[in-house]
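Protein chains: 2
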Amino acid sequence: MVATEATILTDRQREVLELREKGRTQKEVAEQLGTTDANVSAVERAAEKNVEKARRTLELVRTLRAPVRFTVPAGTSFDALVDEVYARGDDAGVKVAYCRPELYAHLYGMLEGHSSQNHLDTSVEMGLTEGGEAKVFTAEP
Amino acid sequence: MVATEATILTDRQREVLELREKGRTQKEVAEQLGTTDANVSAVERAAEKNVEKARRTLELVRTLRAPVRFTVPAGTSFDALVDEVYARGDDAGVKVAYCRPELYAHLYGMLEGHSSQNHLDTSVEMGLTEGGEAKVFTAEP
DNA sequence: GGAAACTCAAACAGAACCGTTTGAGATAGC
DNA sequence: GCTATCTCAAACGGTTCTGTTTGAGTTTCC
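Sequence order for the protein chains is A and B. For the first sequence, counting from 1, position 125 maps to 125 in the UniProt record's numbering; every step adds exactly one. For the second sequence, counting from 1, position 125 maps to 125 in the UniProt record's numbering; every step adds exactly one.
Everything labelled a hint here was simulated from the structure, so no lab data went into it. Check before you lean on any hint, since a few could be wrong.
Just so you know, same-sequence chains aren't split out, so a pair can sit in one copy or run between any two.
[Stated by the list, open to error] Here are the simulated DSS-like cross-link-like pairs (lysine-lysine), alpha carbons at most 25 Å apart as the crow flies:
hint, residue 1, residue 2
1, K22, K135
2, K95, K22
3, K95, K135
4, K53, K135
5, K22, K49
6, K27, K95
7, K27, K135
Just so you know, these numbers come straight off a predicted model, no measurement behind them.
I would like the entire structure built from these sequences, with the hints used as guidance.
Here it is as structure tokens:
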């Protein structure tokens, strides 16, 4: 049995996840635990939600610990934005982990909701992690 | 500002972590948020606990998803244990990510509380992850 | 069509967690 | 010694989460 201590999963959730991982159907798990399949489904869903939360938490922390942070004003073009990211990385001694076209595409994807015609609609807060990943801090609308 | 949605950190915890990350003292953060330094300390502590929980959760899940699992009986020597791990990995087509002395040392460290004189005191449940990491499932005493 | 496996939403009581306050105690630098 | 910084524990009211039940829907395979 795997221990749950100091985890955001409950014992029940771990139990269900473990049996399901072994290939049991929800009904089989339900019978073994003395409950209904609908309940197993619900517990499994809650467990997955928690795992996703844990994943996002670690990503948030990595973002918070970003050693490089700066704000780019509205109206900036993507070309200028890419330049800015490289420049800030250089200043702080962080090597950006993307080549230019990669970074361009990455930022374009992240900022789809904040841009039109290759220019930013709103000002955007950016960061670079220790590993050189580019992050956008501003929440999606 | 960084978003907290779908995370196990609360907005308050993220707020404190963020300001602290910028180098503010707890008292400065307390003044900015209109509370006491003891409170900031408590919130910061809760936040760190949550981050640790998230880390352990992901590790637990990686363990649960281990494709190779087996139990080693009490009395097994570390030499035999190491052999067993390699054999099980071979059987399942998983390449163990350690060379022999590494694996030996790794297992020795993990099983310190469960062994004496190079032999296991108790039976131990083991697993190999997809990446070939060796895990011990049995909880520490 | 029908059965099997699974999902979804609403409701409920009990448990866990939150931020905060209070008061006391480390720990380090001057 | 004093001060600044941070920690720790106990307690509190309030919020959130948990597992469960019930009843009704998918989706998928035969």
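Here's how the hints hold up against the structure:
For the homomeric pair K22 and K135, the shortest alpha-carbon distance between copies (17 Å) is at most 25 Å, but the shortest distance inside one copy (37 Å) is not. In this assembly of identical chains, K95 and K22 lie within 25 Å of each other by CA distance solely across copies; the values are 21 Å between and 43 Å within a copy. Only within a single protomer do K95 and K135 lie at most 25 Å apart by alpha-carbon distance; the minimum there is 14 Å, versus 34 Å between protomers. For the homomeric pair K53 and K135, the shortest alpha-carbon distances inside one copy (18 Å) and between copies (23 Å) are both at most 25 Å.
Only within a single protomer do K22 and K49 lie at most 25 Å apart by alpha-carbon distance; the minimum there is 20 Å, versus 31 Å between protomers. Taking the shortest Cα distances, K27 and K95 never come within 25 Å of each other, neither inside one copy (51 Å) nor across copies (34 Å). In this assembly of identical chains, K27 and K135 lie within 25 Å of each other by CA distance neither inside one copy nor across copies; the values are 42 Å within and 29 Å between.
When each numbered hint is compared with the structure, violations occur for hints 6, 7.
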